[in-house]
Structures are given as structure tokens and as C-alpha cells.
Amino acid sequence: MRNIFLFIRRYFNFILFLLLQGFSIYLIVHYSRYHNAVFSKTTNQLTGKINEQYNKVQYYFQLKKTNDSLVTANKKLYDKLKADFALPDTSSNILVDSIKVDSMERYRKYEYYPAKVVYNSVAAQNNFIVINRGAAQNIKDGMGIIDPNMGVVGIVTDVSKDFAVVMSLLHKDSHISGKLLKTGETGTLSWDGKTPGIISLTGIPKNVKVAKGDTIISSGFSTSIPKGMLIGIIEEVKADKSSGIFLIKFKAAANFYNLEYVYAIENKQADNIKTILEKVKQKTQ
Amino acid sequence: MSSLIKYIIRFALFILVQVFVLDRIHLHQMITPYIYFLFLIWLPFNMGRTQQMLIAFLLGFTLDSFHHQPGFHSAACVLIAYVRPFLINILIPQEGADTNYNEPSFTSMGGILPYMVFISVITFIHHAWLFFLEAWQFGNIWYFLVKTLLSTVLSLLLIIITEMLFVRKQKFRTNTV
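Top line first, the protein sequences correspond to chains A and B.
Just so we're on the same page, this note's numbering is the position in the first sequence counted from 1, plus 11.
Just so we're on the same page, this note's numbering is the position in the second sequence counted from 1, plus 12.
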């Protein structure tokens, strides 16, 4: 017993070194567990506050770009206004409504919340974005984030009271499904950690006609991001020799370098879908 | 000014400069300089190794919290804090010279060469370990090597500029060992 204590005393520094290294590597490997830990909420809140102060200053240098992007986003919305489309004259038709259910009433499926980006990284191997909207402002885990021009930015992974951490597309664990606008095939996005803004799409079979310049949109399969949001434009198509799929590289639609405002998308039916899926799981087990 | 307050201010300044200035530099979209660990290089000679490692972990963890990725910088900082005393022992010119001055610098390490070797080795170890941990998940050796070397060069350049801009007055404390 005495020898053990002597050993520990002798090599205390080395043991402490190994312990601290081990703890750091444990945090790297199980980072999702860190995100669930209680102290991550506190650190997020704290770093968020500091980032917000800095952003107040830095924001002014980007005002012009921010304005431009908001104007283009506005233009897109104006183009969709119902008032701008002439309807064929149907007033002479007399319709008898035989349905008791009011089919004209629509219910909201997606709701958009504007948020400001207070921290943004692109150069790391795994990149995160912090927005100044948190649990107190209706942000939940798993909500999708888009930029003002409807380019997909990422998915919320962690929420504190006033801030939310978003895993951007430039993250190795970010596997959103993307869809070719032309032909409709879906594949999975992944980032190789090298060039920000260039992401790869895998899972598109070789018999599909793909060309440079084609558009990739979100598939809408997940509950986070609605169908039809822009993901990117194809830059390079290569056939994988060892398998039957294409290796596609594309340029992300969202410009990760100068994100200022983003929108968080809440899917009002997300809970609905989740409960059904869980029921199915229980049945099959 | 008490040295504790001095170190606390230094800590905060290095973290803020790293997060809000240097992290936004992306040369060729892959090289980002790091100089915040200069805080660890500038720690006093006579500080205990246990304390050094704990402070290094705290420094790394603070930066990691800003990056929302725990572990990477903490691991790299703890490693350089562990290696630092060995390096000082090898590089200090004569026995007991580290008791004459308070912290490592050009004058206290006895000339430009030993101190340059000291900061170069520390910077290289820090960057190599940091990028190794990052690349380990992606598994691309060449990318890792190029990134490490180029970032080390850029960081060293910035560290030397910092040393020249902020000359720390080193009091000669004693000539008795």
C-alpha cells in the first residue's frame, strides 16, 4: 500500500497529465454528451453574452451586405404575393359546398423565427454557429436554420436560455439529406473538413443524369428542414470506380463567411411525427 | 500591480484576441494562427508543474467553450504545459539562471536563440497535437502535415511580433542561486 502511495507521489505530475489528456479526449469523442451536460448550458450562455457584445460592434461593418441580402429575400417574397397574380374569373360559377369540413382553412406547418448570428466559425474541422435566440424564444433542439435567401445553414444542436448553438453544414456529423431538383434522387451530405463552402453529396446512383450546375434542394424527409430549401449548386461530378454511385461536390448556397441574419424553422408537426415513429418502433419490437 | 491580477488580465486578453481577431483569419481557408498559448509560455519559472497543467487546462477549456467543441485546445494546452519545464531545463544556458528572472523571455533565457527554439518547439507541439486530434476524425495525413507546418510558421511570426510590441520588463532578481 505504501508503495502505491509513493508511486503516486513520485509520478503525480505524469498521472495528472494523463488524466487531463484523457478527460480532453473523452470530451472530444463524446462531445454530444457534453452538449447535454448541465455546465454546457452555462458556458453557452456566458460565451453567448460575450459574443453578442462583440457582434454589436462588428455588425456595423457588414450592414451593406446584410441589407442587400434582406432586399433580395424581400423581393422573393413579393414575387410570391397572391395579389400579383390575376385569377381567372370564376364568379359566374355557382358552387354548392357539400363538404362540411372547412377546406379553406389552412393550418400552419412551419413557422419562421428570425435570429441574429453572434458567433460563426468556418475554419475549424467542425464548425458551429451561435444565434441570439434560445429556449426562452421558442428555439428547440433539431430545428433547421436557413439564411435569408433560403439556403440551408444547419441544425440546432444545443439550446440555452437566450442562445442556441447550430451545427452548420460544415461539420463532420452533419448529415442532412439533399435532393436533386431535376430528377428527384436523394443523397446524403457530408463535409470533408477542407474547403468551407464545398460539400459532397453521396448516394446518387450512376444511372441518374447529373451535370455541373444542377441545383440541390432539401428533401424534406427530416422534421427539421422543409422541402425545397436551397442547399447548393453542383460543381464537380465524378463516378466512383468501386461502387455504383457518383461522388458529387457542390458549392453551398448559404455563404458561411458572412452570415448575419438567419431564420430558425419550427415544424409544428414535429412532435406528431415523432410520436408515430415511436409507436411504430414499439410495435416492431 | 499584483502579479495575480496581471495574469488574470493577460488570460482574458489572450482569449479575447484569439476568439475575436485571430479565429477570423482564414488564410487559404485552412490556416488559422493561434497565439493564446503565449500565456502559458509567459508563466513564471518557479510555478509548480501541477498548477501549470491545471491552468493550461483552464485556458484550453475556455477557448474550447467559445468554439463549442470541448477537448481540442485543452488537450493541446495540457501537453505543452507538461513539456514546458523539460524544455526550459534543457535550453536554459547555465544552472540556476531561471532563478535570476521571473518569466521566460529573450533576456531571461540568455539570448535570442534559446528563446526562439523554446517558442518554436512549444508552438509546433501545440499545433501538431491540436491538428492531429482534429485530423484523426477525418484521417488525412498530408492535409494535417501541411496545415501544421504552415500554421506553425504563421503563429510563430505573430508571436515574435507580439514579443516585440509588448516588451515585458524583466527585473534581475538575484545573482545568488
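Please note: incorrect hints may appear among the correct ones.
Here are the simulated SDA-like cross-link-like pairs (lysine to any residue), alpha carbons at most 25 Å apart as the crow flies [unchecked claim]:
1) A:Lys183 with B:Gln182
2) A:Lys75 with A:Tyr274
3) A:Lys260 with B:Arg22
4) A:Lys87 with A:Lys205
5) A:Lys205 with B:Leu39
6) A:Lys205 with A:Glu122
7) A:Lys172 with A:Lys205
8) A:Lys285 with A:Lys60
9) A:Lys127 with A:Tyr65
10) A:Lys60 with B:Arg22
11) A:Lys76 with B:Arg36
12) A:Lys67 with B:Ile37
13) A:Lys249 with B:Trp154
14) A:Lys52 with A:Glu277
Rather than coming from a laboratory, the hints here were simulated on the basis of the structure.
So, going through the hints one by one against the coordinates:
Restraint check for Lys183 of chain A and Gln182 of chain B: the C-alpha separation of about 46 Å exceeds 25 Å, so the hint is violated. Between Lys75 of chain A and Tyr274 of chain A the CA atoms are separated by roughly 19 Å; this keeps the pair inside 25 Å, and the hint holds. Distance hint between Lys260 of chain A and Arg22 of chain B is unfulfilled; the C-alpha atoms sit about 44 Å from each other, more than 25 Å. Between the alpha carbons of Lys87 of chain A and Lys205 of chain A the distance comes to roughly 32 Å, so the proposed pair goes past 25 Å and is violated.
Taking the CA atoms of Lys205 of chain A and Leu39 of chain B, the gap is near 13 Å; set against the 25 Å cutoff, the hint holds. Distance hint between Lys205 of chain A and Glu122 of chain A is unfulfilled; the C-alpha atoms sit about 34 Å from each other, more than 25 Å. For the proposed pair Lys172 of chain A and Lys205 of chain A, the alpha carbon gap of about 33 Å is over 25 Å, so the pair is violated. Taking the CA atoms of Lys285 of chain A and Lys60 of chain A, the gap is near 33 Å; set against the 25 Å cutoff, the hint is violated.
Between Lys127 of chain A and Tyr65 of chain A the CA atoms are separated by roughly 13 Å; this keeps the pair inside 25 Å, and the hint holds. At roughly 20 Å between alpha-carbon atoms, Lys60 of chain A and Arg22 of chain B fall within 25 Å of each other, so this suggested pair holds. Restraint check: the Cα-Cα separation between Lys76 of chain A and Arg36 of chain B comes to about 18 Å, which is no more than 25 Å; the hinted pair holds. The suggested pairing of Lys67 of chain A with Ile37 of chain B holds, with an alpha-carbon distance near 19 Å, which does not exceed 25 Å.
With a C-alpha separation of about 22 Å, the suggested pair Lys249 of chain A and Trp154 of chain B falls inside the 25 Å cut-off, and the hint holds. In summary, the hint linking Lys52 of chain A to Glu277 of chain A is supported, as the alpha carbons are separated by about 21 Å, within the 25 Å threshold.
Checked against the numbered hints above, the structure breaks hints 1, 3, 4, 6, 7 and 8 and satisfies the rest.
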